[in-house]
Amino acid sequence: MNFKLQIWRQKDRQSKGKLVDYEARDISPDASLLEMLDIVNEGLLLKGETPIAFDSDCREGICGTCSLNVNGEAHGCDHPGAVCELYMRRFRDGQKIIIEPFRLRSFPIVKDLVVDRSALDRIVQAGGFVSARAGSAPEANSILIPKQDADLSMEAAACIGCGACAAACPNASAMLFTAAKVSHLSLLPQGNPERTSRVLKMVNAMDAEGFGNCTNTYECEAVCPAEISASFIAKLNREYIRANWHTSGAE
Amino acid sequence: MIGTLDSRVPSGPLAQKWQSHRDHSRLVSPNNRRKFEVIIVGSGLAGGSAAATLGELGYRVKCFCFQDSPRRAHSIAAQGGINAAKNYQNDGDSVYRLFYDTIKGGDFRSREANVYRLAEVSNLIIDQCVEQGVPFAREYGGLLANRSFGGAQVSRTFYARGQTGQQLLLGCYQALCRQIAAGTVQMFPQTEMLDLVIVDDHAKGIITRDLRTGKIDKYAADAVVLATGGYGNVFYLSTNARGCNVTATYRAYKKGALFANPCFTQIHPTCIPQSGDYQSKLTLMSESLRNDGRVWVPKRKEDCGKSPKEIPEATRDYYLERKYPSYGNLAPRDVSSRSAKEVCDEGRGVGPGGRGVYLDFAEAIKRLGENTIRERYGNLFEIYDKITGEDAYQTPMRIYPAVHYTMGGLWVDYNLMSNIPGLHVIGEANFSDHGANRLGASALMQGLADGYFVLPYTLPNYLAGQTGKRPSVDHPEFKKAESDVRAKIDRLLRVNGKRSLDSIHRELGTLLWDKCGMARNANGLREALGKIPELREEFWNNVRIPGNSADFNQSLERAGRVADFLDFAELMCLDALERDESCGGHFREEHQTPEGEAVRDDDKFASVFAWEFQGNGQIAAPKLHREPLHFETVHLTQRSYK
Ligand SMILES: Cc1cc2nc3c(=O)[nH]c(=O)nc-3n(C[C@H](O)[C@H](O)[C@H](O)COP(=O)(O)OP(=O)(O)OC[C@H]3O[C@@H](n4cnc5c(N)ncnc54)[C@H](O)[C@@H]3O)c2cc1C
Ligand code: SF4
Ligand code: FES
Numbered sequence: 001m002n003f004k005l006q007i008w009r010q011k012d013r014q015s016k017g018k019l020v021d022y023e024a025r026d027i028s029p030d031a032s033l034l035e036m037l038d039i040v041n042e043g044l045l046l047k048g049e050t051p052i053a054f055d056s057d058c059r060e061g062i063c064g065t066c067s068l069n070v071n072g073e074a075h076g077c078d079h080p081g082a083v084c085e086l087y088m089r090r091f092r093d094g095q096k097i098i099i100e101p102f103r104l105r106s107f108p109i110v111k112d113l114v115v116d117r118s119a120l121d122r123i124v125q126a127g128g129f130v131s132a133r134a135g136s137a138p139e140a141n142s143i144l145i146p147k148q149d150a151d152l153s154m155e156a157a158a159c160i161g162c163g164a165c166a167a168a169c170p171n172a173s174a175m176l177f178t179a180a181k182v183s184h185l186s187l188l189p190q191g192n193p194e195r196t197s198r199v200l201k202m203v204n205a206m207d208a209e210g211f212g213n214c215t216n217t218y219e220c221e222a223v224c225p226a227e228i229s230a231s232f233i234a235k236l237n238r239e240y241i242r243a244n245w246h247t248s249g250a251e
Numbered sequence: 001m002i003g004t005l006d007s008r009v010p011s012g013p014l015a016q017k018w019q020s021h022r023d024h025s026r027l028v029s030p031n032n033r034r035k036f037e038v039i040i041v042g043s044g045l046a047g048g049s050a051a052a053t054l055g056e057l058g059y060r061v062k063c064f065c066f067q068d069s070p071r072r073a074h075s076i077a078a079q080g081g082i083n084a085a086k087n088y089q090n091d092g093d094s095v096y097r098l099f100y101d102t103i104k105g106g107d108f109r110s111r112e113a114n115v116y117r118l119a120e121v122s123n124l125i126i127d128q129c130v131e132q133g134v135p136f137a138r139e140y141g142g143l144l145a146n147r148s149f150g151g152a153q154v155s156r157t158f159y160a161r162g163q164t165g166q167q168l169l170l171g172c173y174q175a176l177c178r179q180i181a182a183g184t185v186q187m188f189p190q191t192e193m194l195d196l197v198i199v200d201d202h203a204k205g206i207i208t209r210d211l212r213t214g215k216i217d218k219y220a221a222d223a224v225v226l227a228t229g230g231y232g233n234v235f236y237l238s239t240n241a242r243g244c245n246v247t248a249t250y251r252a253y254k255k256g257a258l259f260a261n262p263c264f265t266q267i268h269p270t271c272i273p274q275s276g277d278y279q280s281k282l283t284l285m286s287e288s289l290r291n292d293g294r295v296w297v298p299k300r301k302e303d304c305g306k307s308p309k310e311i312p313e314a315t316r317d318y319y320l321e322r323k324y325p326s327y328g329n330l331a332p333r334d335v336s337s338r339s340a341k342e343v344c345d346e347g348r349g350v351g352p353g354g355r356g357v358y359l360d361f362a363e364a365i366k367r368l369g370e371n372t373i374r375e376r377y378g379n380l381f382e383i384y385d386k387i388t389g390e391d392a393y394q395t396p397m398r399i400y401p402a403v404h405y406t407m408g409g410l411w412v413d414y415n416l417m418s419n420i421p422g423l424h425v426i427g428e429a430n431f432s433d434h435g436a437n438r439l440g441a442s443a444l445m446q447g448l449a450d451g452y453f454v455l456p457y458t459l460p461n462y463l464a465g466q467t468g469k470r471p472s473v474d475h476p477e478f479k480k481a482e483s484d485v486r487a488k489i490d491r492l493l494r495v496n497g498k499r500s501l502d503s504i505h506r507e508l509g510t511l512l513w514d515k516c517g518m519a520r521n522a523n524g525l526r527e528a529l530g531k532i533p534e535l536r537e538e539f540w541n542n543v544r545i546p547g548n549s550a551d552f553n554q555s556l557e558r559a560g561r562v563a564d565f566l567d568f569a570e571l572m573c574l575d576a577l578e579r580d581e582s583c584g585g586h587f588r589e590e591h592q593t594p595e596g597e598a599v600r601d602d603d604k605f606a607s608v609f610a611w612e613f614q615g616n617g618q619i620a621a622p623k624l625h626r627e628p629l630h631f632e633t634v635h636l637t638q639r640s641y642k
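Going down the list, the protein sequences come from chains A and B. Okay, so the first sequence: first residue is 1 according to my numbering, each after it adds one. Okay, so the second sequence: first residue is 1 according to my numbering, each after it adds one.
Looking at chain A on its own, in the form it has when it is part of the complex (with noise of 0.2 Å):
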């Protein structure tokens, strides 16, 4: 198969960039997207060009590096998915394909199309965790969960971490990516006794980050790769405001 490209260059954070023309010519229908962008940036290499910088690590959908706007949709046209499980089957031959960068603030490019997201790592910093000191943990069959609340939880785990729902939401927020650890850990009794600081601190943290707030599109939702579900945003302002109240000493 063949393609026409257009693909952001942008050599560093401070630096202008822009969309310029490149060719993939015969294509396997069976290589991902990133595989055909390997094979462009050994031609450019071969003729003495920088190569795209791009980033990616399992390739498999699963560690979240992989970011990229796909003609306009984050992580492309194949959802649920991440980037790296694109295919070029799901292209025309021809087709022309545009590849960006995720584009917000909280985001800064450093090159190309790889940005900064350690925002989101400083959310989970704020308080995305459970204080279990290793070694002090009691047996762990001495709490039983119920089966429909570990999964629920599990669907929210699932979160990659990718900020592809803050790239795809117009007010750039990163409420998808909170909700899903707020509800993960509050749906289990461990995460119980930390339950009211912990919502607190991160929607402190995701607001200082300057991600947007939410006004229910749902553009998050449908480009998630792990399919978490809105539903947890509802969750996530319910857990705020219970915890407001339980702080306002409103009890």
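Keep in mind that the hints were calculated from the coordinates and are not lab data. Any given hint could be a false lead.
Each computed DSBU-like pair below joins lysine-lysine, with the alpha-carbon atoms no more than 35 Å apart [what the hints assert, rightly or not]:
1. A/K47 x B/K531
2. B/K215 x A/K47
3. B/K488 x B/K623
4. A/K147 x B/K366
5. A/K235 x B/K386
6. B/K323 x B/K104
7. A/K201 x B/K35
8. B/K498 x A/K18
9. A/K201 x B/K215
10. A/K11 x B/K488
Chain A side only, calculated, beta carbon under 8 Å to chain B, not exhaustive [claimed, not checked]:
11. C58
12. I97
13. A134
14. N141
15. G161
For every residue, glycine included, the Cβ atom is placed at its ideal position computed from N, Cα and C.
Got chain A sorted already, so can you dock chain B with the ligands onto it with the hints?
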């Protein structure tokens, strides 16, 4: 110079060794802990759990990883599960049994005491992870669920959907985040360790490169811990994440750390076959699929091109069931991998290039219904569909073995310390617990055992004697190491040849896969040992690395890793040649039974091979040290999965 290798295994009965070792290890008191700085390279299950735990204890920790976040370490990709000897299923499991299975699975090439300790602490890991909020699968009554995995005869594997590694790593990442927020751990993402610094014979620091800015930095500490994962990517194609590499451990080897059993690599039988030359990695299909899938190929070569539907039962060869009636499709990894290679070598493989076998769910679907199968493996079937465009509910999957895990690694003693005092090595990066073959669901267990429950006890034993010995980064050894690192980078950028990095790496990978892969023989290994130096020459004369070093330069980043793979490959082949027996994943064609089973030579080779660097290339061949393995508790038996 290194004398005899002392494994420092405590005396006394096997089951009491760890307790008595802890009782007699030195401690560092709470007030003094903050005086010690510990460098941990790696934020996977091993490094992440160690960094979090040492931070909790009050040490000052600096943790490094090359990904943009510690949560993205390769451990995230583990699917199947984690073992523990909880015996929750009341099916006869015990610490001893987990220990025995691991020793036997490793084909009697690991240390009894280390493996027993691993089985012993396995239960604590499950307690710890549950307490952190890892959402393990549960039964309706609320108890933890288990499954049988990788041929085990008991159900001892804990799992979280098909994403166990992800959930365990997130638990550990969250614990790490807590310590980062508390200020006990300082995290350095996208920072690659490029050299180890040794001062007065002790490991006291590292040299790093900031992958975003290209800045070279020096860090000093009281001890250095490597948790840098495995080197499966020496084969170019493997199930490992693209970034996995041997650089940290290889550079430590060049500084005098012994590299143990480098040829012990594990090939996983159930991966999606390669579809073309552009392939950048191979995807594992969890082994749990073999619980319900049946493996077969056509009996006749002529049928290989046909659609599987057109091949009637009578002309299918369910070769694992035929050859290993009691284990059948659940035969251990090395056995099933080799059997797949055999049938493909006979020309009976299916799919592109004839390198694939069928894994068929038709019978299970008939017996249990599509819904049950969907419930058990739905996400794996989706992955398969995405990658191949085929629906495995309708047509059998195609699978083929791929490099998956490396049992070899830096040599460590019972304290997980290498022969260089102060240098500790944990997780897949060390050689310690899996012998010549790792059992399914035991790498996650080992990584977390090392990080949560072993290193926090053994590291203080070293630190206690090191008060006030942390050097400054102005020490000449740091300066020297830094200038070596800079020189190597400059040299890479100066080559400016005509070949891409990938093309050379791919060539190395193909060579190793053919000569030092699932089956090896002396002639092939000698051939590889002849060719690797040529390929290395080609690399240093003809590779093209664009850009400069003071920049975010992904090509340069990878070039350093490929350069180390090119050196390391030689060590691997040398080790495979020297180990003139078959054991576990190391199958020497010269040593097999008439039925094609591996034949060990316990008299000559019941030992760990630990190699000492003497300089690159054949002129300065590395020096071999042997650590004899003493089996006080188990009897060495020939594995039989008939
Ligand atoms: C697809 C797949 C599935 C698996 N499934 C299972 C399973 O079900 N059960 C099981 O028990 N095991 C499984 N394994 C094996 C298991 O996942 C790994 O062995 C284990 O996770 C390794 O953990 P680790 O902490 O040692 O290393 P890793 O997780 O690989 O972490 C290495 C760390 O070191 C860092 N690093 C490396 N080099 C440098 C450097 N030079 N400078 C700075 N940082 C560096 C990396 O950034 C990373 O943080 C699986 C493996 C694969 C590939
Ligand atoms: S919620 Fe979904 S889109 Fe957002 S970071 Fe997590 S996995 Fe990515
Ligand atoms: S590269 Fe890991 S999710 Fe895409």
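Going down the list of hints, with the structure as the test:
A distance of roughly 28 Å separates the Cα atoms of A/K47 and B/K531; the hinted pair therefore holds under the 35 Å criterion. Of the supplied pair hints, the one linking B/K215 and A/K47 holds, its CA atoms being roughly 28 Å apart against a limit of 35 Å. Using a Cα cut-off of 35 Å, the hinted pair B/K488 and B/K623 holds, with the two alpha carbons roughly 24 Å apart. As the CA atoms of A/K147 and B/K366 are separated by approximately 27 Å, the hinted pair is consistent with the 35 Å bound.
Restraint check for A/K235 and B/K386: the C-alpha separation of about 31 Å stays at or below 35 Å, so the hint holds. In summary, the hint linking B/K323 to B/K104 is supported, as the alpha carbons are separated by about 20 Å, within the 35 Å threshold. A C-alpha spacing of about 30 Å is found between A/K201 and B/K35, which places the hinted pair at or below 35 Å, so the restraint holds. A distance of roughly 28 Å separates the Cα atoms of B/K498 and A/K18; the hinted pair therefore holds under the 35 Å criterion.
Taking the CA atoms of A/K201 and B/K215, the gap is near 33 Å; set against the 35 Å cutoff, the hint holds. Only pairs whose Cα atoms come within 35 Å are accepted, and A/K11 paired with B/K488 is accepted, the gap being roughly 25 Å. The beta carbon of A/C58 is positioned within 8 Å of a beta carbon in chain B (closest approach about 4 Å), and the interface hint is therefore held. Checking A/I97 against chain B: minimum C-beta separation of about 17 Å lies over 8 Å; hint violated.
Against a cut-off of 8 Å between C-beta atoms, the interface hint on A/A134 holds, since the closest Cβ of chain B lies about 4 Å away. The beta carbon of A/N141 comes within 6 Å of a beta carbon in chain B, closer than 8 Å, and the hint placing it at the interface holds. A least Cβ separation of about 6 Å between A/G161 and chain B falls short of the 8 Å threshold, and the interface hint therefore holds.
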